[in-house]
Amino acid sequence: MTQAMQRAEPAPREVPPSPGNEHIVEAMNRRYDAGFVTDIETDSLPPGLNEGVVRWISERKGEPAWMTEWRLAAYRHWLTMIAPEWAKLRIGPIDFQTISYYSAPKAKYKSLADVPKELIDTYDKLGVPLHERAKLAGVAVDAVFDSVSVGTTFQKELADVGVIFCSMSEAIRSHPELVRQYLGSVVPTADNYFAALNSAVFSDGSFVFIPKGVRCPMELSTYFRINAGHTGQFERTLIIAEEGASVSYLEGCTAPMRDENQLHAAVVELVALDDANIKYSTVQNWYPGDENGVGGIYNFVTKRGDCRGARSKIVWTQVETGSAITWKYPSCVLRGDDSVGEFHSVALTHHHQQADTGTKMIHIGRNTKSKIIAKGISAGRSQNSYRGLVKIEKGASGARNYTQCDSLLIGKQCGAHTFPYIEVKNPGAIVEHEATTSKISDDQMFYCRSRGIAEEDAVSLIVDGFCKQVFRELPMEFAVEAKKLLDLSLEGAVG
Amino acid sequence: MATGFLEPLIAEGATLAGGQAGWLGRVRANALAQLARDGMPAARSEAWKYTSLRALAQRAYQRGDSDAAGRSIDAGLLALPGVDGPRLVFVNGAFRADLSRIEPIDGLQLHTLSQVLESDADSLQGPLSRSFDDAADVFARLNTALAGDGPVIRVAAGRRDLPLVHLVLIGAAASTELAWHLRGIIEVGEGAALRVVEHHVGESGQAHFGNLLTQIAVAAGGRLDLLQVQNSSESASLFRRSEARLAADAQLEMRSIEAGTAWLRHDLAVTLAGDRSRFVSRGVFALRGRQHADTRLDVRHAARDTACDIVWRGVADQRSRGVFHGAITVNPGADGSDAQLSNKNLLLSAQAEIDSQPVLEIYADEVKAAHGATVGQLDEQALFYLRSRGLSAQQARSLLTLAFCRIAFDSIENTALREHVDALLLERLPEEVEEFASEGAPA
Amino acid sequence: MLKIENLHVRVAGKDILKGLDLQVKAGEVHAIMGPNGAGKSTLGNVLAGRAGYEVSAGSIHFEGGNLLELEPEERAAAGVFLAFQYPVEIPGVNNTYFLRAALNAQRKRRGEAELDSMQFLKRVREKLAVLHLKDELLHRAVNEGFSGGEKKRNEIFQMALLEPKLAILDETDSGLDIDALKMVADGVNAMRDPARAFVVITHYQRLLDYIVPDFVHVLADGRIVESGDKSLALKLEEHGYSWIAERKLAGAA
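Residue numbers (numbering that gives the first Met the number 0), protein chains in the order written: chain X, 0 to 494; chain L, 0 to 442; chain F, 0 to 252.
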């Protein structure tokens, strides 16, 4: 689908505005709480990309030769590819030679106990506890700072039940057979432009392996932080759930406020074997740029889950509030009979943010089922698009899909768009798609206010209600964070 | 890059444009230059995502039919029950005065493009100067370069209660495969009202490529009801583009019944340019064999309080493929827009395919916009109900399938015409539908 | 408590209220009756502060202050409550959450302590019991998928919980069957209090059998044309609204 994207069209001509809900829009100021920079000595590559850089990264991480070759093959293929033309995104060309492909804190940490206080404090400030106290939260965390993982909590407790949760670098060293078997098996290196780039230069990420029959005893979580300037973050995450295994994985992301655009091009691969269950939740709050559209992260991510086994299930849930540009379609390949894919999404854009996000549900096995719930909220001068593909292949008899996309507009200068693609080749399948676009109704606002709720709180209340279906899918701690994020984004909404 | 399909047509177009001066010559030359430069749309063209042009690009057609004037046409072919008013008939792209019926009616002009180009060419400069700058519009460019004739229908301001105008486009058998290009103009004056049937028929076996581009303008407070009954030969190919621009308080109601052709592409582009203008579209395609039909709607709300109401149904059987693209754009400031689109499809065979792509692009906030699309099968409960009342499974399926399609034309007031369309579709519905629903259903 | 003087209101460029006067004292129940299009709902909406209602002349004072200067939420905090004729649905927003947010917003504005969830729930249960409503109402989204009757009962429930000083009931009886009507009336009667006033807007006399008013006013063509006690409502029921118009004519002659 991404290959087929059209060139950006000029905006339609404007007809004179009518009086409307400017009062809601007016003072819509956004605060970005995660915008600080951590002062720590780093080890960075100078900007630029060539085979030497790819080799350097691989060597630096002490990777085996097959891994170096894998990266180089991806790099050479990337050179033959053309950067995609964006459908609805306005984006200047990216100069890949001005980006640094590696940045890491200088010191190496043997265990979490060695991690310096500045770093621990950084994550603490972001609400991600890495120290002992973390145990109370009952969530194991892998913290990725710029290009590397700085530490993973609860590793021992997880190892006791056979669960492997570590950084990708460590997995390549300690579990090469698993990495070799699964890496690139869901998102091939040549899949798309940014996936190829990621395959060549990825620096770290999380690795999760849940062995047969094991229900992971706690939530696993990775917290991604871009800190250094002029760097790109290219993480790679691989989650494997063997037969009958289940896991819930959470991911959070932030970056400092800088007036440059930084590139984040991640690849996430999920593999679910027979009866396995993977729940992958994201709260994405990369720096969105300022109110004039200066700076912010380019978030170009390839996320795909492979329901390889019968009766397997993969659920993607995402709350996207950050990034200058978001381009991601967490997808499910429903290969196993009776497998299930779900996608629940809230995407909020404001100021000059652009989001083009959605999912692909590829039904291959019999009686496969998918559900898509996408909620888009556009404010300011932002553009927010849902783009999704539901494909029913010939053999997918009994396949079912239900899709619901709702868009909410706050203000007159933003756009909300819906681009579903429905392709059905099996006459035993049923596919249903519904979409609506509206603004917060004046009636709803007045109703809330006449009960004593101030305008700003009423907006937040109604938006929260609009997103409720998706928030319900998030683990409790994340649901709270997600709601706070939305409130923050809508703070000062009315004057 | 020219191809087997384009090359001879471009060459003939060049001969045609050679002697032409003035604006029309420039318009045609420009279209030819664009065609020569861009050729056929690239395989990745989003507008042609579900319709491959590869096979067509390799076929060569002869432009125009030099024998068109003398071909004998069975009167039954062009008859349409309930329709006996003025008639304009084109055979293989050539106007046939002998088959047409043009009586003088106050306020209604029925002409051909070639007549108007001779008598009052400047009155056509506006619509004919339309330039297609997207390489995806290859057939519209061809039409611009090559169409020398077509129907011109104009209604004077305030004229209403006019008889139904019957426009017939016939594909007649010929010794070679032909490509014909017609340009239609329909202009409805202020406060006027007009009803038109655009009727495509063909002698069986002919495999011509037809290209009809119709430009519609409805002035303030005017209304056009356009019924498209497309029952061309099942081996013919047809590209049809219907473009409309509606002024304030204007209304366009279209009903499109697509039954014939091996290959069909219908572009339907409507701009709601005036406040409170309204577009209603009902359509259905019923496909079998290896038929391929691609309907591409593009509605733009460019003024306040405009409305569109779109309901399309699709049925694909055997090895056919049905494509529906329905895009609605609401421009910035087009407050009060109300946009509704529904597309439902029945997929009846394991070798058939349905692709549906409803699109909303919204740049204004005072809007009500919604779309829905489904692909599925007949309701098992309804089937059971009918069978429990004594119908055979096959009868029940045909009946329900017809009912499913009927939404496209059940509001046609002309009973004879409505029943004709009904019969046309019923005849095309599968006689023996395999029982797919039970095949893959969970136990 | 409420003093409306010479109120003129325009909606979308059209004069709807044309010099309305009304005084309501604490503890009183006033019924406003009148034919369709007389401006009854406009009065309710203006009191609650809905946008699009332009006051072109006149004044509204509530407890001595200028009500027209207040935002809708400030009016709510001051004790004005409108039971909507058509309560709006707010998908995804839980009814309990909504009510607590509303109550605490009002309390905060008045400088009172906010209720914690235990205190709030206790209060909710009391009110539910009084109104004979089911718990289930609390778990649903605000008005979403409610029947017409449920929406109206939810309005009365909100009124009971928010304990306003002045409650305006805008055609709360419309679309209700007799049982639902009684339930609504019971809810209102249970809240009658020397410190609280009601303005009951209705088209039919029926509701007034259950909520017995102290005063009945007839609103026609944008102003109050007749006032009286509850017997006026019965006369209207008997003779229809044209009777008023005829009487006016006779009076003028």
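Rather than coming from a laboratory, the hints here were simulated on the basis of the structure.
Do not take every clue at face value.
Derived DSS-like pairs: lysine-lysine, alpha-carbon spacing no greater than 27 Å straight-line [what the hints assert, rightly or not]:
(1) K482(X) x K467(X)
(2) K467(X) x K367(L)
(3) K107(F) x K181(F)
(4) K368(X) x K367(L)
(5) K48(L) x K370(X)
(6) K467(X) x K121(F)
(7) K482(X) x K107(F)
(8) K48(L) x K393(X)
(9) K370(X) x K343(L)
(10) K107(F) x K483(X)
(11) K467(X) x K164(F)
(12) K393(X) x K343(L)
So, going through the hints one by one against the coordinates:
no.: 1; hint: K482(X) x K467(X); in the structure: 9 Å, holds
no.: 2; hint: K467(X) x K367(L); in the structure: 21 Å, holds
no.: 3; hint: K107(F) x K181(F); in the structure: 34 Å, violated
no.: 4; hint: K368(X) x K367(L); in the structure: 30 Å, violated
no.: 5; hint: K48(L) x K370(X); in the structure: 24 Å, holds
no.: 6; hint: K467(X) x K121(F); in the structure: 26 Å, holds
no.: 7; hint: K482(X) x K107(F); in the structure: 22 Å, holds
no.: 8; hint: K48(L) x K393(X); in the structure: 19 Å, holds
no.: 9; hint: K370(X) x K343(L); in the structure: 19 Å, holds
no.: 10; hint: K107(F) x K483(X); in the structure: 21 Å, holds
no.: 11; hint: K467(X) x K164(F); in the structure: 34 Å, violated
no.: 12; hint: K393(X) x K343(L); in the structure: 20 Å, holds
In terms of the numbered hints stated before, the structure departs from hints 3, 4 and 11, listed from lowest to highest.
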